[in-house]
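Asker: All chains should be built: construct the whole structure from the sequences, respecting the hints.
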Amino acid sequence: MGRDHRSGREGLPVDDVSSYPASAADMRLYKDAGSQLAHFKPPVLVHGGNPHERLFVCAFDGTGNDKFKNPLHATNVAKIDEQVSRLAIAGNHQIAGGYVPGPGTQEDAITRTLDGAIGYTYEARVEKMYQLLIQQAAEWRREDPHARIRLADIGFSRGADEAASFARFVHEHGIQDFNGATYTRDSHGRITRVEYTKPPLVPPGKVAQVVGLFDPVGTGAPVNDYDRRLPPSVISGFQIFAKDEHRGMFKSDHIIDPDVSPDGRFLGVRVPGAHSDVGGSYLLNGLSIRSGNLMVDYLNALSDRPFLEKSPEPIDPRFNVVHRSTQGNWLYRVWHKVDRLEPDGYNTLEAPKHHHHGYRVTGDPYNAEPRDDALSQQFDFRNVAIGPVPASPSETVQQLPPAEPGIAHRGTANARSTASVDAMIERLYQAALKRDNGAMDAVADDYLQSPQGADWWRGIQQCGQAMQMPEPAPACQGQAPEPMVAAGMQR
Numbered sequence: 459m460g461r462d463h464r465s466g467r468e469g470l471p472v473d474d475v476s477s478y479p480a481s482a483a484d485m486r487l488y489k490d491a492g493s494q495l496a497h498f499k500p501p502v503l504v505h506g507g508n509p510h511e512r513l514f515v516c517a518f519d520g521t522g523n524d525k526f527k528n529p530l531h532a533t534n535v536a537k538i539d540e541q542v543s544r545l546a547i548a549g550n551h552q553i554a555g556g557y558v559p560g561p562g563t564q565e566d567a568i569t570r571t572l573d574g575a576i577g578y579t580y581e582a583r584v585e586k587m588y589q590l591l592i593q594q595a596a597e598w599r600r601e602d603p604h605a606r607i608r609l610a611d612i613g614f615s616r617g618a619d620e621a622a623s624f625a626r627f628v629h630e631h632g633i634q635d636f637n638g639a640t641y642t643r644d645s646h647g648r649i650t651r652v653e654y655t656k657p658p659l660v661p662p663g664k665v666a667q668v669v670g671l672f673d674p675v676g677t678g679a680p681v682n683d684y685d686r687r688l689p690p691s692v693i694s695g696f697q698i699f700a701k702d703e704h705r706g707m708f709k710s711d712h713i714i715d716p717d718v719s720p721d722g723r724f725l726g727v728r729v730p731g732a733h734s735d736v737g738g739s740y741l742l743n744g745l746s747i748r749s750g751n752l753m754v755d756y757l758n759a760l761s762d763r764p765f766l767e768k769s770p771e772p773i774d775p776r777f778n779v780v781h782r783s784t785q786g787n788w789l790y791r792v793w794h795k796v797d798r799l800e801p802d803g804y805n806t807l808e809a810p811k812h813h814h815h816g817y818r819v820t821g822d823p824y825n826a827e828p829r830d831d832a833l834s835q836q837f838d839f840r841n842v843a844i845g846p847v848p849a850s851p852s853e854t855v856q857q858l859p860p861a862e863p864g865i866a867h868r869g870t871a872n873a874r875s876t877a878s879v880d881a882m883i884e885r886l887y888q889a890a891l892k893r894d895n896g897a898m899d900a901v902a903d904d905y906l907q908s909p910q911g912a913d914w915w916r917g918i919q920q921c922g923q924a925m926q927m928p929e930p931a932p933a934c935q936g937q938a939p940e941p942m943v944a945a946g947m948q949r
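Residue numbers are given in the numbering used here: position 59 of the sequence shown equals residue 517, and the series is strictly consecutive.
Derived by calculation from the structure, the hints in this document are not laboratory data. Just so it is clear, CB atoms sit at the ideal spot from N, CA and C, and this is done for glycine as well. Where hints are given, some of them may not hold.
Derived pair list, reagent style DSBU-like, types lysine-lysine, alpha-carbon separation capped at 30 Å [claimed, not checked]:
1. K489 / K795
2. K499 / K709
3. K701 / K795
4. K811 / K709
5. K701 / K489
6. K811 / K795
7. K499 / K701
8. K527 / K709
9. K499 / K664
10. K768 / K709
11. K527 / K768
12. K701 / K811
13. K527 / K701
14. K701 / K768
15. K709 / K795
16. K489 / K811
17. K489 / K499
18. K768 / K499
19. K664 / K811
20. K664 / K489
Derived CB-CB ranges, DEER-like [said to hold, decoys possible]:
21. K795 / T655: 22 to 28 Å
22. T642 / K811: 27 to 33 Å
23. Y641 / H551: 39 to 45 Å
24. Q836 / S645: 41 to 47 Å
25. A482 / S850: 14 to 20 Å
Answerer: Set out below in structure tokens:
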């Protein structure tokens, strides 16, 4: 999001707002969400043994979020897209994806500010993703004329609303033939008109889709002008709500309602944290990592072979914090605050407030359209498997058996020391990300004062003596030793 970052106490990264520790009750909400997810049944859209099945993951980033311009503050959507983009290198050619940065990521300050405020490029970003989709679909059909293409539409913030509108766009247009597409663009390169001169590769309403939504927010253009009701071809969906977001400009958009829908089609879960504690981009990211892992479990259930990896979840409580997002800028501070559990804190109207170009809303304006049962019945629905979480470095310390009375374990001190070194590694990693040489030197000095560092330094001295080389100069203590190096849309 273009934010500066700096080190605070104990070398921890500092975000642009303050935070407070998540409570034990807060952290239990992730266990509750995981339990709900484990009882939820999404469709299996792609099987490793069926070479004709394809899955395209459409990733819409949030307002102000662009993984190319600011990778350090990458969101969960961006991180999922990065994993998808590496699948072909790993030999998985059944799954591919496309990524569109969020509104308010332009170079020009005025344009960026205006788009960030009202999201006026909403339609252009949906059109851009559709172009990426039909390009990939054309390539898949060229390789395999019998390729069957399914979609997973994911997004964060306004990007989650874009994902919902994109699902409607695909439902209404099918998958058009990219080889017959003629585009008209404005001076900024945005698509303003497209003409398709060939029959679609897949007819409207016949593309099976699911959605994965990180805390949708539709402020401005999405709520006013666009239809975010999920269409019949969306046969499953999962939405994660930020419980502790209080900005009046960030009302929760109930594209999917909390809890399980009566027909079992959708699941919404509430977790602790502000908006970006769910979608990601803060550096103190313990909560957003956990939300990202929930979505990874859901997306992995779309394949009979998991294709995404979960991230280690910090056990250091200093990373498991709720951010005070109302401190973000002066407008957030003076704007009225909301409670997302109260009607003033969320939107339930998913049809557009304003009608343009003769577009008229039909059916229930507050909820998804009924699922296409004929399309849905083509797939098996299975419970989400909650995958293992990779261990954090400090979690790899072996547990020791109880010591005899009056006798302390030697390993107890070693375990504490190992945990201390793990913390140093984390500090060094964060300092390296910020290219803070002073902080890296401080970590190296602390390491040399630790038992492991002292042993390492003695080894260097002994090695030098054995080779009849001069002892390393004390100035070397300012360098990190080798073991510490861290790697046309309807409205």
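Asker: For every hint, state whether the structure bears it out.
Answerer: Evaluated hints:
no.	hint	in the structure
1	K489 / K795	28 Å, holds
2	K499 / K709	28 Å, holds
3	K701 / K795	13 Å, holds
4	K811 / K709	16 Å, holds
5	K701 / K489	15 Å, holds
6	K811 / K795	23 Å, holds
7	K499 / K701	24 Å, holds
8	K527 / K709	27 Å, holds
9	K499 / K664	21 Å, holds
10	K768 / K709	29 Å, holds
11	K527 / K768	24 Å, holds
12	K701 / K811	26 Å, holds
13	K527 / K701	29 Å, holds
14	K701 / K768	22 Å, holds
15	K709 / K795	10 Å, holds
16	K489 / K811	37 Å, violated
17	K489 / K499	18 Å, holds
18	K768 / K499	20 Å, holds
19	K664 / K811	28 Å, holds
20	K664 / K489	36 Å, violated
21	K795 / T655: 22 to 28 Å	52 Å, violated
22	T642 / K811: 27 to 33 Å	28 Å, holds
23	Y641 / H551: 39 to 45 Å	27 Å, violated
24	Q836 / S645: 41 to 47 Å	44 Å, holds
25	A482 / S850: 14 to 20 Å	19 Å, holds
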